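Number of protein chains: 2
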Amino acid sequence: MKKIIFGLSFLFCGLAFVSFRSHEFKLGDELSLDSLRKLYSGPSHLWPSANVDKNLKWEELGPLQPSPVNLKNDSIRKVVELGKTLFFDPRLSGSNQISCSSCHAPDLNWSDGRQVSIGHDHQPNKRNAPSLENVWYFKKLFWDGRANSLEEQAQMPLEAHNEMNQDVKNLARKMSKIKGYRPLFNDAFGTPTITNQRIFESLATFQRTIVSRKTPFDRFIEGEIKALTDQQVVGLHLFRTKARCINCHNGPYFTDNDFHNLGLTYYGRKYEDLGLYNITKNPEDVGKFKTPGLRNVMKTAPWFHNGLFDDMDGILNMYNMGMPMQVVKPGQEKDPLLPKNDKLLRGIRLSNSEKQALISFLDALSSSSYVVREVALPK
Amino acid sequence: MKKIIFGLSFLFCGLAFVSFRSHEFKLGDELSLDSLRKLYSGPSHLWPSANVDKNLKWEELGPLQPSPVNLKNDSIRKVVELGKTLFFDPRLSGSNQISCSSCHAPDLNWSDGRQVSIGHDHQPNKRNAPSLENVWYFKKLFWDGRANSLEEQAQMPLEAHNEMNQDVKNLARKMSKIKGYRPLFNDAFGTPTITNQRIFESLATFQRTIVSRKTPFDRFIEGEIKALTDQQVVGLHLFRTKARCINCHNGPYFTDNDFHNLGLTYYGRKYEDLGLYNITKNPEDVGKFKTPGLRNVMKTAPWFHNGLFDDMDGILNMYNMGMPMQVVKPGQEKDPLLPKNDKLLRGIRLSNSEKQALISFLDALSSSSYVVREVALPK
Numbered sequence: 008m009k010k011i012i013f014g015l016s017f018l019f020c021g022l023a024f025v026s027f028r029s030h031e032f033k034l035g036d037e038l039s040l041d042s043l044r045k046l047y048s049g050p051s052h053l054w055p056s057a058n059v060d061k062n063l064k065w066e067e068l069g070p071l072q073p074s075p076v077n078l079k080n081d082s083i084r085k086v087v088e089l090g091k092t093l094f095f096d097p098r099l100s101g102s103n104q105i106s107c108s109s110c111h112a113p114d115l116n117w118s119d120g121r122q123v124s125i126g127h128d129h130q131p132n133k134r135n136a137p138s139l140e141n142v143w144y145f146k147k148l149f150w151d152g153r154a155n156s157l158e159e160q161a162q163m164p165l166e167a168h169n170e171m172n173q174d175v176k177n178l179a180r181k182m183s184k185i186k187g188y189r190p191l192f193n194d195a196f197g198t199p200t201i202t203n204q205r206i207f208e209s210l211a212t213f214q215r216t217i218v219s220r221k222t223p224f225d226r227f228i229e230g231e232i233k234a235l236t237d238q239q240v241v242g243l244h245l246f247r248t249k250a251r252c253i254n255c256h257n258g259p260y261f262t263d264n265d266f267h268n269l270g271l272t273y274y275g276r277k278y279e280d281l282g283l284y285n286i287t288k289n290p291e292d293v294g295k296f297k298t299p300g301l302r303n304v305m306k307t308a309p310w311f312h313n314g315l316f317d318d319m320d321g322i323l324n325m326y327n328m329g330m331p332m333q334v335v336k337p338g339q340e341k342d343p344l345l346p347k348n349d350k351l352l353r354g355i356r357l358s359n360s361e362k363q364a365l366i367s368f369l370d371a372l373s374s375s376s377y378v379v380r381e382v383a384l385p386k
Numbered sequence: 008m009k010k011i012i013f014g015l016s017f018l019f020c021g022l023a024f025v026s027f028r029s030h031e032f033k034l035g036d037e038l039s040l041d042s043l044r045k046l047y048s049g050p051s052h053l054w055p056s057a058n059v060d061k062n063l064k065w066e067e068l069g070p071l072q073p074s075p076v077n078l079k080n081d082s083i084r085k086v087v088e089l090g091k092t093l094f095f096d097p098r099l100s101g102s103n104q105i106s107c108s109s110c111h112a113p114d115l116n117w118s119d120g121r122q123v124s125i126g127h128d129h130q131p132n133k134r135n136a137p138s139l140e141n142v143w144y145f146k147k148l149f150w151d152g153r154a155n156s157l158e159e160q161a162q163m164p165l166e167a168h169n170e171m172n173q174d175v176k177n178l179a180r181k182m183s184k185i186k187g188y189r190p191l192f193n194d195a196f197g198t199p200t201i202t203n204q205r206i207f208e209s210l211a212t213f214q215r216t217i218v219s220r221k222t223p224f225d226r227f228i229e230g231e232i233k234a235l236t237d238q239q240v241v242g243l244h245l246f247r248t249k250a251r252c253i254n255c256h257n258g259p260y261f262t263d264n265d266f267h268n269l270g271l272t273y274y275g276r277k278y279e280d281l282g283l284y285n286i287t288k289n290p291e292d293v294g295k296f297k298t299p300g301l302r303n304v305m306k307t308a309p310w311f312h313n314g315l316f317d318d319m320d321g322i323l324n325m326y327n328m329g330m331p332m333q334v335v336k337p338g339q340e341k342d343p344l345l346p347k348n349d350k351l352l353r354g355i356r357l358s359n360s361e362k363q364a365l366i367s368f369l370d371a372l373s374s375s376s377y378v379v380r381e382v383a384l385p386k
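Going down the list, the protein sequences come from chains A and B. Residues in the first sequence are numbered from 8 upward in steps of one, following the numbering used here. Residues in the second sequence are numbered from 8 upward in steps of one, following the numbering used here.
Hints may be right or wrong, so weigh each one.
Where chains are identical, the list cannot tell them apart; a pair therefore holds if satisfied intra-copy or between any two copies.
[What the hints assert, rightly or not] List of simulated lysine to aspartate or glutamate pairs, EDC-like, C-alpha gap at most 20 Å:
| id | residue 1 | residue 2 |
| --- | --- | --- |
| 1 | K306 | D114 |
| 2 | K85 | D194 |
| 3 | K277 | E381 |
| 4 | K306 | D370 |
| 5 | K386 | D60 |
| 6 | K186 | D128 |
No lab work stands behind these hints: they were computed from the structure. In this text the structure is predicted, and so the values were computed from the model without any measurement.
Let's have the full structure, built from the sequences with the hints guiding it.
Dropping the structure here:
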């Protein structure tokens, strides 16, 4: 880890140098701050064109969507309540000490604030625990997309030796011994029988109710034109144009629900992680990781799949120069697994004031947190 | 918890109203920004007088002091290394899953980011886990000062039922079964014998090495006059004068090493916590909690002994009106335990721009973090 840090320090020195040289913030000849605010105060189909690559499938930024879970439906609400109880119950783990909430804590924005999570017997995880906010929106789960549904996802951390280390073959029997769970399963599923499938389904259903609250950005696009500061309006414009963020971070949750290689594979080195390729075995997927959503991003440091970055300014410096390029060693030229950075990434050369405006816009994607009371555990 | 939140929301609405009415930022007739920077660029004994109460024992703000642990001394270094290993070892807990680092994580600034920590069997703690940075400086440990040394402190979380839940009578025997520890104890103490005293001493000695790094504030007082922005210089001045922070947050670590009642006792209510009084049984100590240091304070939210506040602007609004006052119910007038807010607290009535300057100064007390590698655990 130390070596990586040292390596990155050098990289950042270089990046800082590059970024200082980049030209100062200009909005373009025709756009004053006033006209920019006016443009963005209108409906989004009248906003300035987004700077997206030709033939790219993308969606305009937009307001929060409702969770797919209908809590007015009594029987679904009972499944959610059961799922919430299980989510906070450490008895789902082999040691009876680690629950889903250990790494997805509501008061840490449904993550844990760590670079990588610490699991059973204090073993470290390989990747950063993602926030569960709006997780219902993702088509594939995990940084490498190895699960196709939250139901499928739930089993994996439960049985991972460095996460909850539970023998899932024994899980239903173990939980059945806790008498207090029987009425909860009965309410949720009509009979008190405890099965893995019911456990995973209720955990998944509860997680689909974890949604962001309204942000200044949402209030702005709903017509409250003062909800964004001038600097944030400039940031929004940069996000969609010069900075090209919108190529991947688009739609209501600022994610394209897709996978990209940013150049952080550590290919051939100690911390190598080839991401999506590990699952598909398709050489085109080497080093691809899921595009995270950006709602509340400023509350979920450290960032990236390995949690190695806790400085948004540093991250923008990295994007500024198009991310690190894979060094091709002699003999590797034809290696089909040689990672290739996504073509969407280019040096965007933002000035310091442009970077500040962009970060200020990201701040406008933060919503206030609400207190989630832990549930009393059945006995 | 919800009730408290609702109550506080109302309070904050009131506070916001008060703070909007307060007069706008003025430096005073005689001080321009330039002259202010000039004044503070000189040695601290020539700084403008601090606005501290008569007869108050206080110390001027100052640079980092060296840790009292001499790491050049080989035998002390071995004690530190042992202490570090034990600090990360979950086998110090009854369940073998919770270590000191679970609630004092280096990558979370030696705290856990939670309102209150979650311990054995997911039981919540009563108070917020404090950061261990510069903990060597404190004369008494815990929010209520119930330990007089780090050695004495170490035992308490180890055996608390809602923290590590270890039977300490059995601790030395349990750890002696881990053969890999014998050479480490031998190196540190001259014989391989494992005793509780040796465990606590090495944990304490390691913790005395956990120190802040240099901040922009330190560089400023060392003569690098551009290390603070204009706004931060104004914030420093406000900190020492109008805002009166320096009455309690003084010295090199921005703490008077003392205890004060800020009015957050919840006296007579569900979440009542009388702090220092629980230890001394002296009615004058009702509701007093330790003054935390402010180095890296912007990295250690949520704040206060109950971790209930994660918005520094909201906290300043509360200080602005002199903190909540205890409502005296009929018949309580002569109750010796009726909490009384510290006399040092008064409505300071900062304007919005003054609050911003103060927060900006607090940002200048942040230092970069360094990566602490977890130690391989002996087998």
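Copy assignment of K386 with D60, given that the CA separation must stay at most 20 Å: This pair counts as neither: shortest intra-copy Cα distance 56 Å, inter-copy 55 Å.
Can you give me the call for K306 and D114, within, between, both or neither, at a CA distance of at most 20 Å? Both ways: K306 and D114 sit 11 Å apart in one copy and 15 Å across, limit 20 Å.
If the cut is 20 Å between Cα atoms, do K277 and E381 qualify within a copy, between copies, both or neither? between (39 Å within a copy, 17 Å between copies)
As a check of your reading, is K186 near D128 (CA-CA no more than 20 Å) within one copy, between copies, both or neither? between (28 Å within a copy, 18 Å between copies)
Under a CA distance limit of 20 Å, which applies to K306 and D370: within one copy, between copies, both, or neither? Cα proximity of K306 and D370: in one copy and across copies (9 Å, 17 Å).
Up to 20 Å CA-CA - D194 versus K85, copy category: within (6 Å within a copy, 58 Å between copies)
Hint 5 alone, counting from the list given before, is not met by this structure.
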